[in-house]
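So the chains spell out like this:
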Amino acid sequence: MKLVLEPEQQELRSTVRKFLADRSPSAKVREAMASDRGYDARVWNQMAGLGVLGLVVPDELGGAGAGQVERAVVLEELGRVLTPSPFLASAVLATDALLALDDDAARTELLPRLATGELVGTVAVAEGGAGWDRQGGATTATARRGSWELAGTKTLVLTGDTADLVLVYARTPDGPGWFAVDADASGLTRRALTGLDPTRRLARLTFDATPARALASADPAAALDLVADLAAVALAAEQVGGLQRAMELTVDYAKVRVQFGRLIGSYQAVKHGCADMYSAWEHAVSVLRYAAWVADHDRAELPLAAALAQTYIGPAYFAAATGTVQYHGGVGYTWEHDAHLYYKRAKSSELLFGGPALHRTRLADRLGV
Amino acid sequence: MTLVDATQDYRSSVRAWLTAHAPGPAAGLTPDEQLRRAREFQAALYAAGYAGITWPTEVGGQGLGTAEQQVFSEEAAEFELPTYPFIIGMGMCGPTIVDLGTPEQKQRSLPKLLRGEEIWCQLFSEPGAGSDVASLQTRAVRDEDGWVVNGQKVWTTNAQWADYGALLARTDPDRPKHAGLTMFIVDMRDPGVTVRPLKDMSGRAPFNEVYFDDVRIPEDAVIGEVNRGWQAAVTMLGHERVSIGATRRPRSNPLEFASLVELARHEGVAAEPTQRERLAELYAHERALELFNARMRQEAAAGNPPGARGSVAKLAGALLLRRAIETASELGGADAVAWDPDDARAAELALGINSAPASSIAGGTNEVQRNIIGERILGLPKEPQVDRDLPFRELKIGTQRQGGVG
Ligand SMILES: Cc1cc2nc3c(=O)[nH]c(=O)nc-3n(C[C@H](O)[C@H](O)[C@H](O)COP(=O)(O)OP(=O)(O)OC[C@H]3O[C@@H](n4cnc5c(N)ncnc54)[C@H](O)[C@@H]3O)c2cc1C
Ligand SMILES: Cc1cc2nc3c(=O)[nH]c(=O)nc-3n(C[C@H](O)[C@H](O)[C@H](O)COP(=O)(O)OP(=O)(O)OC[C@H]3O[C@@H](n4cnc5c(N)ncnc54)[C@H](O)[C@@H]3O)c2cc1C
Chain X
1 MKLVLEPEQQ ELRSTVRKFL ADRSPSAKVR EAMASDRGYD ARVWNQMAGL
51 GVLGLVVPDE LGGAGAGQVE RAVVLEELGR VLTPSPFLAS AVLATDALLA
101 LDDDAARTEL LPRLATGELV GTVAVAEGGA GWDRQGGATT ATARRGSWEL
151 AGTKTLVLTG DTADLVLVYA RTPDGPGWFA VDADASGLTR RALTGLDPTR
201 RLARLTFDAT PARALASADP AAALDLVADL AAVALAAEQV GGLQRAMELT
251 VDYAKVRVQF GRLIGSYQAV KHGCADMYSA WEHAVSVLRY AAWVADHDRA
301 ELPLAAALAQ TYIGPAYFAA ATGTVQYHGG VGYTWEHDAH LYYKRAKSSE
351 LLFGGPALHR TRLADRLGV
Chain V
1 MTLVDATQDY RSSVRAWLTA HAPGPAAGLT PDEQLRRARE FQAALYAAGY
51 AGITWPTEVG GQGLGTAEQQ VFSEEAAEFE LPTYPFIIGM GMCGPTIVDL
101 GTPEQKQRSL PKLLRGEEIW CQLFSEPGAG SDVASLQTRA VRDEDGWVVN
151 GQKVWTTNAQ WADYGALLAR TDPDRPKHAG LTMFIVDMRD PGVTVRPLKD
201 MSGRAPFNEV YFDDVRIPED AVIGEVNRGW QAAVTMLGHE RVSIGATRRP
251 RSNPLEFASL VELARHEGVA AEPTQRERLA ELYAHERALE LFNARMRQEA
301 AAGNPPGARG SVAKLAGALL LRRAIETASE LGGADAVAWD PDDARAAELA
351 LGINSAPASS IAGGTNEVQR NIIGERILGL PKEPQVDRDL PFRELKIGTQ
401 RQGGVG
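Taken in order, these protein sequences are the chains called X and V. Everything in the first sequence is counted per the numbering used here, starting at 1 for the first residue and increasing by one. Everything in the second sequence is counted per the numbering used here, starting at 1 for the first residue and increasing by one.
In isolation and in its complexed conformation, chain V is listed as follows (with noise of 0.2 angstroms):
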């Protein structure tokens, strides 16, 4: 058989499991019921082997390459699949661990991932420190047989559902602000840890601000190694890149072109040039991102990853969602401005236009990304660092006058 053969073989048993096993619509369930459903679902897909297709069989994963991850993703684009809870574990923090855990912590946490057993929040962003995490002032202490932590993160997604994050901390603030971070497993449900829920621009409360308060962890939960923690961190951010960049938005999204060509019908104006004309427009930006995505996939499969070039596509990505607010927008006229309270196709065009900031911002802001491009690909030169080589204790931090901690 073919590797092509292969692949074909692999998509057509992802098709037809995901059209016997996916939910139908969450509309009307309470929270719970949706997590509920979640985790069943997650624990389905482990069940029928679709959980982790990257991940080495030692620790339950699948030990398949990019490309059957790839074909999965396409497949499931296809359903509206309640995976929104595992996303950051699945995404971002199990491949952490898979590439630096220790083996204890890998068979303690990646099955338990993988089976929709635990939730997992990635706690990185504090008020002070977001595109530069890190200048980042929570504390982490040790005493005799672990650590104490103190101190706030904010903007932490799924922090309400998760039972343990991957916090990064300051262990040593005497070093410059990259040498003296430490990442750390986090029970989230230790007393010490409060969750608070942080409403977004959208009305919704899909993360957090999340205290720390003398919290202990114990010796084993460090990820990587003491004071390596910006590594872990890049190695994580590397695992977002690709995690944001393998999905695809699902074929139902309100502002994909589809959606829109829909819209455009609806409101009687699919005729009009200029409207023709933008559909077209915003057709293109959403295929040459898909081509350039489907690119870099093949090159990964034929062992080129796609390195900074994943910022790439989570610029496009950002780009082209503002593109769409604004095709959108003019197709839905004075629907976009007020509607019928009972409109469900107003209020979800509504919703588009006010989360579209998200992924602007989340998961590096544009002009990190631009500067990623710039600085890693092109090799442009960095702007002069003030704060690079100092120690940490002697830095200003976010909107403070002066920094530093303790």
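Pulled out of the complex, with its shape left as it was, chain X reads as follows (with noise of 0.2 angstroms):
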């Protein structure tokens, strides 16, 4: 097992920190997130341009032929500066299901696309409620002369209100299955939602009788599986970046600013916070680290990485954010500061893929308890 990383990955992510660095410091981040969109779509194509949406795509589908600790370094990137992005959805959930799936067409079809950036993907699978229904929920699919239709509602779409292509797991008489759903199709309703973390967006879509293209997989629910533990790895890896960057913040501002006569890092009330979040984050990279090598290289403990990177990660993200509005007193408090942002970003992450207590019950019926 590696968990350390190779010079190329750390190249790698000095090539995405700097690219971010630049095109996405915090003031384009605000501009991002307050736009329509909700993205900024040169910066998406820009990252395109860069080859680091399809880290995970084979060579002969367009992809990188890399891997998921690749993946993860650049989703920590993301996670660093709060790059509004639908890499989450696309690069991420999309990608992994059409991956999972045995449908080669599609595979051929969209994946190269969706590597170029020039096709936007997302997943639909949550109705609400506690973390993903393996039978598909209450979204049914059904077959009319030779092509099928979908009906119901799906909640928490990343992406949802944009997105070109929704990838919707939904119930069929015969048991769950994947469909693909074009934005413009008929009898399909999307809603953006207001979301507690402005800088991710997300959407409820609603199907009536929505044309939709059955996606073949041998094993659909098996694939569901696959796809939420890549996905927890991934939106483990974004919160170690966030984690991280609210802790140098606290750091920084603890070392500038004075009160009563001294710089408040002196004080250890506030310098013990930062060490606590510091260990926080030594653990959680180490944590995720061994998540992303699994995912490469051992899919038989995935589930139980998987498992451990959320109930590990999630919260104590949490606890750091709370930390860095708290240590920059009235001044974390306001709008201004980007304290804020890491505080919803990490609450709303701890909360996206099912709750911590989902995620430690998770974890205990992977360990067998």
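Check the hints yourself; a few may be wrong.
Claimed, not checked - Derived CB-CB ranges, DEER-like:
id, chain 1, residue 1, chain 2, residue 2, range
1, V, A308, X, H297, 28 to 34 angstroms
2, X, M1, V, A20, 26 to 32 angstroms
3, X, H297, V, A271, 30 to 36 angstroms
Stated by the list, open to error - For lysine to aspartate or glutamate, the following EDC-like pairs were computed, each having C-alpha atoms within a straight-line distance of at most 20 angstroms:
id, chain 1, residue 1, chain 2, residue 2
4, X, K2, V, E74
5, X, K2, V, D9
6, V, K396, V, D174
7, X, K2, X, E301
8, V, K382, X, E248
9, X, K344, X, E31
10, X, K2, V, E68
11, V, K106, V, D187
12, V, K382, X, E6
13, X, K2, V, D187
14, X, K255, X, D338
15, V, K396, V, E383
16, V, K199, V, E209
17, X, K255, V, E375
18, X, K2, V, E219
19, X, K28, X, E336
20, X, K2, V, E281
21, X, K347, V, E281
22, V, K382, X, E31
23, V, K199, V, D32
24, V, K106, V, D5
25, X, K255, V, D220
26, X, K18, X, D36
27, V, K106, V, E225
No lab work stands behind these hints, which were simulated from the structure alone. Even glycine gets a Cβ: it sits at the ideal position worked out from N, Cα and C.
From the two separate chains plus the hints, produce the assembled complex.
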């Protein structure tokens, strides 16, 4: 098991970090989050140009043929600076779903376009309530004259208001299945939701006799499990990046802010809080490297590693971001300062794929407790 | 052969050797028998080439790297090895002599340590000087052919068995506190040394009070240089952190996740949702720490020593233990309150609960570890220091109103 990055992976990190420092500084993040689309399409296209959207896609399908460890590096960097982006929806969820299914035609047609960013994909599974229902929830897919129609409502769909392609998990009389729906399909209503985290766009999609293309899969529920576990690892990578940045902001501030004649970082109440953030970050990075390595090399252990990652890292990020607001005092409570953006991202991410209790329960299941 | 194959080979031989030579359970043995067994096992380790894995070959070590040490620690965690009497000598005093000792000191001490012939202790803490060990008051005064020591140490682990100790004493009270210390090798069998067992809160006596009454120490017993004892202490504390970090908790530890799952089953609460979540959370913290330690070892093997990050592992280990006793007591319920005198499982749990605080204090308290992380890793400003530059004799020490000596 490798818990340390290779030189090329570190190089990838510095490339992406430089790119984001240049194209996605705080002012740009705020501009993007307030825009209609919720992200900056130019930054998205430039990221495609860097070749980072198809890191886990094989060469012959237009990707980079790299792996989960590399993708996690990119996600860490995106999470560090809170860049609003369809990456999690398209380069993680939709890409992983197509790779997990057994539909060669869809793969050949869609994956190259996802990898170049010309097509933005997402996945629609959740219907509210905790977690993803392996049966497909209340959304139904019905066969009509050789094609399929969807009916029902999916929510918390990442980038769901603007994505070009939605991969929907729905129930059929013969069990759950995966379906591809075009953004402009008839009977599809998309409603952008107001999010706790303004840097992440989520939508509710309603299907009413919406035409859909069935995607071949030997075991749709197993594919769902795989997509969920890889998403947990990907989200953990974002969270680790955010945790690190939240810590750095706090430490930097504690070195310049003077109260009662002393730098506040010299007070142990603040210093020890920073030490706890650092400790959490070191542990979180270690868990992440393990989970990403497992995602590439040991799929049998992935369910355990994914549940571990969310159990440990989700709450650790929120605890750190709470400290970031706290140790900035009144400044940390203002809209102008970025502390609240980390706070909101951390809390929203902790709940995005089911809350901490669900992840702990899942971990217990997978440990055989 | 690749590096990975080589490590794999090493692992198989370590495992095979331990399986064949690890002694059985110690239960029922008298303390003397346990000590004899420990000495024999250390000698066997040496004979097999598993003592002093990273020590240089000139002094009887194996001259191998941290990778091998890591493999050995991992494999050793599968067994209940009687290495306790040698932990301080092998983990702290020995490596410090390797770093700073004279050729004569190395030849005199290290082979005997490796063969289990001598037990060592660390004589740093005093009633007035624990976290702030540089404020210690034990005096070493020059006389014609060496030094004369007077003073008191406390909480000295393993002093009841020790043949030698690494003693930190004040040699110049007119200098600031860090600049007037010297480290010595002291013969614990000297008639001027008195060792009194000190009972800890668990009822056992693993540590001691040690009194020095006109103890003469020869000139050649100085480790490092006179008045540079602080640098020697920092070297030793660095080895202490590594040693604590490298120690894998044995698999059979009653406060470990796997043991607690068993406890939950035994108590019939393993299916309760709250207890399952509690166990999962404990596992997450335990595993995160294991992975952090593994990551630091991989970095060390690649040439990045952990340095002050050892404090992160030390602190996390102590906090993990607190979390574990929280979980254990929730699972144990009434059985953690009172039990039949012959209930070994309950007694073991109680011992776990009652010895947990040690790990938050010994080897540097949690608060001190957080200071180290904040100041040395994150570069946060130190607190204003009132005593760093004053001559030691002008300072207030411990719970005294007025400090200073002689
Ligand atoms: C919602 C809101 C409403 C407010 N309304 C008013 C108002 O109506 N009128 C008004 O005058 N002010 C108001 N304030 C300001 C408020 O009183 C200050 O924000 C608060 O006293 C903290 O001061 P600070 O923001 O300068 O943070 P700082 O004092 O700079 O503190 C930064 C961090 O350092 C820590 N710290 C500072 N000194 C020490 C120390 N000695 N020991 C340990 N830790 C320390 C703090 O706890 C904090 O975590 C308001 C603030 C908020 C958030
Ligand atoms: C089981 C055990 C084994 C031991 N074995 C040995 C041994 O073999 N050899 C040896 O030399 N010593 C040994 N010790 C002693 C140990 O090193 C000290 O107990 C420890 O360093 C703390 O010192 P103290 O007990 O004097 O507490 P103090 O330093 O008096 O601390 C009291 C409290 O104040 C806090 N505190 C102190 N300074 C600060 C600060 N700057 N900032 C914030 N908080 C602070 C501490 O964290 C603690 O909570 C052992 C101790 C134990 C419990």
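Hints and how they fare:
no. : hint                                  : result
1   : V:A308 <-> X:H297: 28 to 34 angstroms : holds (32 angstroms)
2   : X:M1 <-> V:A20: 26 to 32 angstroms    : holds (28 angstroms)
3   : X:H297 <-> V:A271: 30 to 36 angstroms : holds (33 angstroms)
4   : X:K2 <-> V:E74                        : holds (16 angstroms)
5   : X:K2 <-> V:D9                         : holds (19 angstroms)
6   : V:K396 <-> V:D174                     : holds (14 angstroms)
7   : X:K2 <-> X:E301                       : holds (15 angstroms)
8   : V:K382 <-> X:E248                     : holds (18 angstroms)
9   : X:K344 <-> X:E31                      : holds (17 angstroms)
10  : X:K2 <-> V:E68                        : holds (17 angstroms)
11  : V:K106 <-> V:D187                     : holds (15 angstroms)
12  : V:K382 <-> X:E6                       : violated (35 angstroms)
13  : X:K2 <-> V:D187                       : violated (46 angstroms)
14  : X:K255 <-> X:D338                     : holds (18 angstroms)
15  : V:K396 <-> V:E383                     : holds (18 angstroms)
16  : V:K199 <-> V:E209                     : holds (10 angstroms)
17  : X:K255 <-> V:E375                     : holds (11 angstroms)
18  : X:K2 <-> V:E219                       : violated (49 angstroms)
19  : X:K28 <-> X:E336                      : holds (13 angstroms)
20  : X:K2 <-> V:E281                       : violated (24 angstroms)
21  : X:K347 <-> V:E281                     : holds (18 angstroms)
22  : V:K382 <-> X:E31                      : violated (39 angstroms)
23  : V:K199 <-> V:D32                      : holds (18 angstroms)
24  : V:K106 <-> V:D5                       : violated (34 angstroms)
25  : X:K255 <-> V:D220                     : violated (46 angstroms)
26  : X:K18 <-> X:D36                       : violated (26 angstroms)
27  : V:K106 <-> V:E225                     : holds (15 angstroms)
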